[in-house]
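If you follow the hints, you should be able to join the two separate chains into one complex; please do so.
Read top to bottom, the protein sequences are chains A and B.
Note that our numbering gives residue 687 to position 97 of the first sequence, counting from 1, and the numbers run on in steps of one.
Note that our numbering gives residue 245 to position 235 of the second sequence, counting from 1, and the numbers run on in steps of one.
Everything labelled a hint here was simulated from the structure, so no lab data went into it.
Glycine included, C-beta positions come from ideal geometry on N, C-alpha and C.
There could be a bad hint or two in this list.
To be verified - Per label pair, the in silico range of CB-to-CB distance:
| id | chain 1 | residue 1 | chain 2 | residue 2 | range |
| --- | --- | --- | --- | --- | --- |
| 1 | A | 613 | B | 177 | 16 to 22 Å |
| 2 | B | 329 | A | 631 | 46 to 52 Å |
| 3 | B | 110 | A | 613 | 38 to 44 Å |
| 4 | B | 245 | A | 631 | 26 to 32 Å |
| 5 | B | 177 | A | 631 | 16 to 22 Å |
| 6 | B | 102 | A | 631 | 43 to 49 Å |
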Amino acid sequence: MQNGNCVFVMPTSLTIYDVCKVFNDLPQPLPHEISLVQTTELDSSGVQLLLAIYIELKSVKKQLIIVEINADVIDVLELFNLPFGLMQRPDCDDNNGE
Amino acid sequence: MIGPIETFQIEVRDHLATLEQALLDLENDHRNFELINLAFRAFHTIKGGAGMFGFTELTEFSHEVESLLDRVRNQELEITEELIGVLLDIGDFISTTLDDVRFSREQKTQAKIFLTRLNLLDHSSVQIESNFDSSVSNIQNNGAKGSNADKGVYRINFAPDRNSFRSGLDVTPILKELNQIGLCFVSTHTKNLPVFSEFDPESTYLSFECLLITEADKQAIDDVFMFVADDWQVLIDEVDMEDADPESDRIGELLVKRGLISSTQLNTTLQQKAPLGEILAKHGLVTEEEIQSALVEQDIMRSIKPSDSNSDPNKATIRVPASKLDSLMNLVGELVIVQARLNQFAINSDNEQILLISEELDLLTNQMRDETFSIRLVPIGTTFGRFRRLVRDLSVELGKKIILDTEGGETELDKMVIDKLSDPLVHIIRNSIDHGIEPPDERLNIGKNSQGKILLKAEHAESHVVITIKDDGRGLSSEKIREKAIAKGIISAIDELNEEQLHALIFEPGFSTAEKVSDISGRGVGMDVVKRSIQELGGRISLKSNFGSGTQLRITLPMTLAIIEGLLVAVGNEHFVLPLNSVEECLEKPQGMKVSTTQIIQVRGEQIPFISLRNHFSVKGEQPTIEQVVVLHSENERFGFCVDEVVGQYQTVIKRLGRFYEGVVGFSGATIMGDGNVAIVLDPQAIIESTII
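So here's chain B without its partners, still in its complex pose (with noise of 0.2 Å):
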């Protein structure tokens, strides 16, 4: 179970990626008044949520720059790019803070740094700084309140006696000591007050509504009243943050639960269609005190409960960390491989009545098995904004312009592939942008738009998600790649390379076209890293080049690493797994082939190399008579294994082989079969590459 200050944190950097969205579209769109707001918003949600779980330097901090963007949406200050960079700094600053969120003094200078770069683009609100100074101040006097917790929010209304006063008693200390228990927002009430000729300063008027967040409980509150509980009249109500009717923080509907007015004033009062608080006001019926006061828990309400769209307990949600989606992946994964067990004896046993229960179960285990690996699936969208912020802070550094399109962010893909995706592809993204987009005068210079372009887009193919990054810029020359490759000794002068295999030594090791190495893509070492990584997620990688008008890559990429559609096959006592969407057909082995490494096939008058499985992994044991070849197909290459037996098709769990199999070229996992043993799961592009056909 996620924590709420976990929670806190998670849905704090939720914000801040749609406050980057948001910003990085503004610049683009600077009078757009609903990206504003969704600034604004998500400025005023932080602020919110820190209030709540006491961080005031955070809240302080947020509170500055929401003003900020008041004055924005109230037309009063112009988005402008300087701002915009703020604002996107100041995202990064607060994601630095979440941590450990109690503002360290680096941090505070920081933040004092930032609100005078926003006073500086905003001359007329000299007050920014100062505020934030003077609350500073504040947090360190208010230090012992604490910032972790379960808290809970009580709503305090008490009205002490007339006589209070007189008796020498004060409500100062008592607001005190709940100020030292919690963050108490306080309501002083003066409807009691009599016209002044009448007022008597001996005699206690006011009466006090108070909103109190707290890990405090209830007798602790209580205990602040203990000497006064006799003679005031003293009210506390935990408020119920878990209320899921979205109705319940609407005003009217908090003053009725005060008490202040009832159902059917409040029925009557809506049918006028004016703000309910003005009318309210003017009918007497409550005091404009008692507005602000339950607007103030209106605000509290709001900013900690969950929002509307998780108020419907259909539409609802919950967080829960990724080891405990992996750890239930691996338990379906178990019963999966159980079940496959089961099928097998209930297969063997003859038996109607296992044979029908076991069919059932494997279909509840199935669709289990779909609803897990769904749940880890999420759209590749949310890595896509990190690239828009990329190229946005590049091209600035370099001078160039670059826009970044993307494509299809909706495609969704296991959490585990993008999250392991997204290196790759901040290297590739920096390499068109680096290497790739010309500066804006040499792209006016050959005739192109003086704004480059960066086309990151996926989308769903077969079983598949392919990636495609493709830029607008140079694109790569063959030549170049050729000398260089000589220089490095990755080819020698006398190799014959056509254009596509030239492209490819741009994966090789150490490979760098770059006249000088930069920091923003890096030392050569880069492309080789990409390939590798995207391997090993079961990918494979391709380039196409134009020299002069730009590059595209593609990636092409399992939707998962935790079930693969396969098909058994055997060989000797081993049994092996292939990629079912790699698998094209299965034919008899003519008779009479001569054992070699590799070997051709005749298939509809074309020619097929294969490989023979027993050989490739030197499997012991008698060799049948007849013997099948698997033909697989990557990219457009065809080819085949060789092996004795084709068992039939495979849904299964992967199992990573550990460590120790680590560098095993041809392996991407294992899985346990129905009668407990182990089948390999092959890469077949893997085994191809590594063996010379």
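The following block holds chain A by itself, in its conformation from the complex (with noise of 0.2 Å):
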């Protein structure tokens, strides 16, 4: 999925079951912000998938930047203590339920 501001919304599951799909899914070029906002499980495939988009972007020189994150994946993002920008907005607060 992808609306007007060219943000990528992953689904609500981002595991082993459904890399492959997503990977497929992307659209190209890629995106540089990408939407967890939906997405309530993720494990590592996910977060490998998140960094290997980060890497490719990185070597166009582009930074990917993770918007709207959903308070269910949030610690699993900490966990790997991933390089790219982690950026919440203010709308989300709710939903991290902080």
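Pasting the structure below:
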């Protein structure tokens, strides 16, 4: 899914069962803003996919920014200490339950 | 042995003292980059240490303050008196949290208030409070990690098998588990990721490097990888935090240790004059992630490893509880006493070999005594730092401008003396600020600089240390003191006292010249307590004041309370020790003098009063035909003690007399002589003061 601001919204589940489909569905050129607002399940294969996108974008001097993170996966993202910017929009606060 | 937590607390207190010094100096020198750096480093080290022990609230709080100081370092934020005030308060706050580093609800609120205060000073850094809030919630979630401990640091490298994801193995639970057993810093490495076109989302390319600070042993970490150990490459190494090599935490060395580059590659790269990481990444020898990961390790190691100065075994220091030193001193004291007995026995035995052994042992015992004594000596400057803060805070409170100058901070005194000296000095300085130094307007009106000055000076004088506290305030009004003393019934209206005697009345119990009682300098019960405290330390206090131009207090203290260089004298069967530094000479008492409480002896034309210790202490026994008078001095006074015999010079360890004799005037302690008998150590000044001569 892609909205008018070129933000690619990841599906509810980004696990080993979904990564192939998501990978194949990724638009070209790759989006440099990805939303995880709907993603409630994320595993290390999902993280690896995000990192692969990040590295690919970096090779063309673009930066990946994760916008709108669902509270259910924020802990996983923090766990991996990822290099790309995690940017939460204010309207996501409620979702994060903080 | 001091535990790691205690060491952390002691070190944080040291850093807070450094911070306070730096901040107080910054007040007069806003642009001093070194001082800003010093303050920054203090917070940085506190943060690192707190992180090591899992004191996450303190870590996060220090981090926020450190970030602000970083902005000051980068000249993005200006140092102001307000900012210094908040930072000083933060230092005080951290100090209060040390006994129980897990923040209480109140402390969390307090921390937020401080961060808000900092926010208000730095309008652009809106993130500060929110970051701390989130960290607080993280802390609550990670509460199980514990904060006590003998923690180890482990470097864990693992690379899942390429088919791990396909086999349904996920790395997330592993990382979660590591986070549960300690504080885990994860670096996710992507160097095996292929180009995007060749990327297979179901294959596993990632590898991981974790630095784990944990109380758990290696077995517990092995257990985390129990189900994947056969298929994954897992390497767990304990990081040697005791490594004394100062080079060992350099980035290059860390990369070599991790097997990422060889020593040859490192040396070749180091020959190029450019940042190491940059060259290695450029040549594809290491990835940025690997460098970042090594930097994390470097940061952790530097924050928990002893400082460079400690890395040199010759300069290494250890901390031991003061009670252990007291105990050691006590044992050495006993040894000295036994040595004295041995000496006496050896002399009486006429056995040359025993005499020789006794002399050699005596030499070693004396060296040991001196070394032990020197361990207890600490520079008085550590106490001076406290007073700068006191002067700053009180002068702000009273609307006065006062500067504190200190001299001789390196002068060493017995730690016990310094500890006990602190309260009397606080009282004297408070008095100077409250009653001595005039408000700026008043000072300008009488032609003085609007800024008052207090000098705190320490210096060695013979075997004593002299501390001078001098202010350029209004001085003591003899007239006022006289009026007050009469009103309080301390003197009568017909008493004729010179200025010095009048000034000395301020040391009388209950005396106060303050028109109104203030919170700053108390209720007029202070100066007599100050005098008594100094006397208890075996010291003396004197005062000089010129009305209108200032007051000077002079405190003379022995360097230690533990050892005395004395003159042993005998009266009847009793022995007494007189402090040698007060002794001037010994004379034969002219025969035929009348027996009375006090008498006068002529010494080279000068009349010196003396008292008979036999009479003073009611010593029984036959009086010898020839008696000796020991002439002593105190300040400018000379007086004598009449004794039966002067035995000789005697250096010994003083034993406290205990509670039972606490109120007895004239005794400063006791010692056990070579023959096992007790000799009382006298306080000549106190005996003279208690005797009308």
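We went through each hint and held it up to the structure:
no., hint, result
1, A:613 - B:177: 16 to 22 Å, "19 Å, holds"
2, B:329 - A:631: 46 to 52 Å, "51 Å, holds"
3, B:110 - A:613: 38 to 44 Å, "51 Å, violated"
4, B:245 - A:631: 26 to 32 Å, "30 Å, holds"
5, B:177 - A:631: 16 to 22 Å, "19 Å, holds"
6, B:102 - A:631: 43 to 49 Å, "47 Å, holds"
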